[in-house]
Amino acid sequence: MRRMLLQRLGFVLLGLVTLVVVVPILLVVGVIVARGISAINWQFLSTMPYNGMKQGGILPAIIGTLLLTLGTALVAVPIGVGGAVYLSEYARDTRLTRAIRLAIVNLAGIPSIVYGLFGLGMFVLFFRFGTSILAGSLTLAIMTLPVIISTSEEALRAVPTEFRTVSASLGGTRWQGIRTIVLPQALPGIITGVILGLLRAAGETAPILFTVAAFYLPRLPRSPLDQSMALPYHLYVISTQVPGMPLSVQYGTALVLLGLVLSLNIVASLIRRYFRSKRQW
Amino acid sequence: MSGINPAAPRRRSRFSELALETLIRILGFSTIGFVGLIFLFLLREGLPVFFEVPPGSLFSARWYPTFGIFGTLPLILGSLLVTFLSIIIALPLGVATAVFVREVAPRWTREILKPIIEVLAGIPSVVLGFFGMTIVAPLVREILGAPTGLTAFSGAFLLAYMALPTIISVAEDALDAVPRGYRDASLAMGATKWQTIWRVVVPAARSGILTAVMLGMGRAIGETMAVMMVTGNAGVLPTSLEAIIRPVRTMTATIAAEMGEVARGSTHYHALFGIGIILFVVTFLINLTAASAIFRARRKGGLR
Chain A
1 MRRMLLQRLG FVLLGLVTLV VVVPILLVVG VIVARGISAI NWQFLSTMPY
51 NGMKQGGILP AIIGTLLLTL GTALVAVPIG VGGAVYLSEY ARDTRLTRAI
101 RLAIVNLAGI PSIVYGLFGL GMFVLFFRFG TSILAGSLTL AIMTLPVIIS
151 TSEEALRAVP TEFRTVSASL GGTRWQGIRT IVLPQALPGI ITGVILGLLR
201 AAGETAPILF TVAAFYLPRL PRSPLDQSMA LPYHLYVIST QVPGMPLSVQ
251 YGTALVLLGL VLSLNIVASL IRRYFRSKRQ W
Chain B
1 MSGINPAAPR RRSRFSELAL ETLIRILGFS TIGFVGLIFL FLLREGLPVF
51 FEVPPGSLFS ARWYPTFGIF GTLPLILGSL LVTFLSIIIA LPLGVATAVF
101 VREVAPRWTR EILKPIIEVL AGIPSVVLGF FGMTIVAPLV REILGAPTGL
151 TAFSGAFLLA YMALPTIISV AEDALDAVPR GYRDASLAMG ATKWQTIWRV
201 VVPAARSGIL TAVMLGMGRA IGETMAVMMV TGNAGVLPTS LEAIIRPVRT
251 MTATIAAEMG EVARGSTHYH ALFGIGIILF VVTFLINLTA ASAIFRARRK
301 GGLR
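Heads up: the sequence lines are chains A and B, in that order.
Residue numbers for the first sequence follow our numbering, so the first one is 1 and each next one is one higher.
Residue numbers for the second sequence follow our numbering, so the first one is 1 and each next one is one higher.
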């Protein structure tokens with residue numbers, strides 16, 4: 001039974017390699033939580049930074065990231081869900097449809113820093129929005145589109161065809177069927193996709209480097225045309241550009257960002273799980 | 001619901017429906033427009049560099065923007081070095097993990113592993129970069145005894161982990177698409193599960209695995225923040241093997257680090273957009289190839 005022994009050994013080896021992949025992930029999360037937790041208190045989350053960001057809190061960065069994410073959602077959700085409805089309900093398998101699908105894959109693959117350049121060229125300079133929350137949200141929205149479109153399309157396609165035929169047989173038009181039946185049925189899947197897309201946007205640094213980010217701006221933005229601090233950029237700044245920054249503040253900021261992103265991640269998968277278990281088809 | 005009441009007045013709803021459906025059609029096509037717009041604006045800001053700097057010196061070996069020298073070769077080679085190193089690390093790890101998750105692991109193990117790998121995909125690159133700076137780079141320095149831990153290897157190491165979720169999930173799909181019959185036939189002929197995996201299933205899935213690697217490469221070459229934070233950003237030409245444990249500078253990091261300080265319309269500004277054009281074209285080609293492979297496979301009934 002040498003062969004079986006070899007197989008045993010092989011499987012153990014594969015398991016060990018998998019551990020090599022998985023353990024560092026847990027380590028990253030573990031280290032950041034362990035070292036960052038001591039910096040986190042109400043004051044850290046709710047006050048302005050001062051003394052060259054070495055003291056005080058990170059409120060403007062948190063608010064900035066929330067506003068950016070909201071702006072991204074306002075632009076990306078209607079375009080993304082609309083695009084998904086087109087692809088799943090209207091598009092036939094033509095050359096044009098295939099071109100759309102290729103465009104989506106390519107949008108997903110464009111480096112984030114190139115999105116930053118594009119946002120700078122188009123929104124900041126050409127449309128004269130300046131470095132602003134508006135310019136950053138638009139840039140992030142286009143970057144987020146492929147995630148929202150592909151996950152929403154998948155959710156829409158999962159709705160059984162019979163639902164559409166029944167709606168049509170009752171005299172409903174195609175759009176009525178989509179609005180009253182297909183969209184509501186696909187909603188949990190769409191929401192999951194939207195959250196996944198938005199949390200990616202919330203964590204991105206490169207696209208906002210030249211379109212939104214303020215190095216140190218200890219006040220809250222007042223209009224969409226204001227500059228703003230943002231969590232990912234703030235973490236970059238305090239870990240590389242500011243000498244003598246206390247490590248605990250750096251880890252604290254990393255933990256807030258990681259916590260925000262991972263908790264949204266968990267919410268998304270809970271929604272998915274809950275509705276999957278309740279679904280009757 | 002009035003929406004499906006056949007007695008409802010039809011004419012107005014017909015009109016608004018037509019408007020809505022047209023809007024949806026436009027939204028569907030918009031993605032093509034966005035890809036076009038992105039390329040257009042890169043060209044608009046970046047093309048002038050090809051007239052301002054003689055083409056020969058654009059690909060020369062020195063990048064000294066302050067002296068008006070814009071040789072992109074060290075940056076391109078820097079990106080290639082880091083990307084290839086990362087794939088060399090990620091490919092065996094990714095394939096082995098995909099095989100373990102799909103073919104070997106019992107159900108409960110899979111239920112634990114999958115969410116953890118998803119967590120990795122969700123960690124922002126700046127957080128990984130921060131971790132790399134504070135934990136990985138000092139370790140690398142100690143192990144190598146090098147003057148600095150901010151090296152091409154540290155960058156490649158982080159990039160490998162960032163590419164892993166993509167590689168694992170696409171490779172898993174590829175393994176999944178191998179017909180059951182292949183496995184059954186192999187097992188029926190007396191092969192062990194281990195032999196079946198490596199001599200039947202993985203070879204049958206090889207083009208899907210290749211696609212996975214390409215997508216991972218596309219991710220790695222475009223990654224910015226983590227790379228910028230751990231590679232040390234020295235714009236020297238990587239000529240010998242030793243470059244692996246020396247600081248290196250990538251195209252993405254150059255744009256990110258320098259764009260903040262250049263004057264709009266200067267040659268330097270145009271040169272940075274020029275690098276953006278190179279990045280766009282390279283990732284476009286990689287993704288186009290990978291995507292057509294995926295679509296072709298899907299039409300044949302499964303990625304393989």
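Don't take every hint at face value.
[What the hints assert, rightly or not] Chain A side only, calculated, beta carbon under 10 Å to chain B, not exhaustive: (1) R8; (2) V28; (3) P78; (4) Y86; (5) R98; (6) L247; (7) A254; (8) N265.
[To be verified] Stretch-level coverage of chain B by chain A, calculated; a stretch enters the list once three of its residues show a Cβ under 8 Å from a Cβ in chain A: (9) 16-24; (10) 78-85; (11) 94-106; (12) 220-227; (13) 278-284.
Hints are computed from structural coordinates only; laboratory data are not their basis.
For every residue, glycine included, the Cβ atom is placed at its ideal position computed from N, Cα and C.
A quick look at each hint next to the structure:
1. R8: 9 Å, holds
2. V28: 5 Å, holds
3. P78: Because about 8 Å separates P78(A) from the closest Cβ in chain B, which is inside the 10 Å limit, the hint holds.
4. Y86: 3 Å, holds
5. R98: Holds - the Cβ of R98(A) comes within 10 Å of chain B, reaching about 7 Å at its closest.
6. L247: 7 Å, holds
7. A254: 5 Å, holds
8. N265: Hint holds; N265(A) Cβ to chain B Cβ min 5 Å, cut 10 Å.
9. 16-24: holds (count 5)
10. 78-85: violated (count 0)
11. 94-106: holds (count 8)
12. 220-227: Holds: 5 residues of the segment 220-227 of chain B have a Cβ under 8 Å from chain A.
13. 278-284: holds (count 4)
Comparing the model with each earlier hint shows a violation of hint 10 alone; every other hint is respected.
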